[in-house]
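> Please model the complete structure; the sequences and the hints are all you need to start from.
First residue of the sequence shown: 1, per my numbering; consecutive thereafter.
Using C-beta positions, here's what the derived DEER-type ranges look like:
(1) P27 <-> V49: 20 to 26 Å
(2) S67 <-> R36: 37 to 43 Å
(3) L28 <-> A62: 34 to 40 Å
(4) D30 <-> L64: 39 to 45 Å
(5) L28 <-> V72: 34 to 40 Å
(6) I24 <-> A65: 32 to 38 Å
(7) A66 <-> L28: 37 to 43 Å
(8) L28 <-> G48: 19 to 25 Å
(9) M61 <-> L10: 17 to 23 Å
(10) D30 <-> A65: 42 to 48 Å
(11) L31 <-> A65: 42 to 48 Å
It should be emphasised that the hints constitute simulated quantities derived from the structure, not laboratory data.
The beta carbon of each residue, even a glycine, is placed where N, CA and C say it ideally should be.
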Amino acid sequence: YIASALLHFLISSGSGEAVVFIPILAPLADLIGITRQVAVEAVMLGEGVVNCVNPTSGVLMAVLAASGIPYVK
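So, in structure tokens, the structure goes:
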């Protein structure tokens, strides 16, 4: 989860992040005994949390602009 959140700041595309992160995470999940579904869910949760504050998120910027709220507030 934390590694995914940190990686999402560098790669803002969800599919791009999955291409980089899932090949590493799938064998790691198998090694530590969790299902791959749980590993993917951790990646998606990390991405979702970062999308709420990431200034490169197009949706965040569009919602802030439409509502008239400055990002720095």
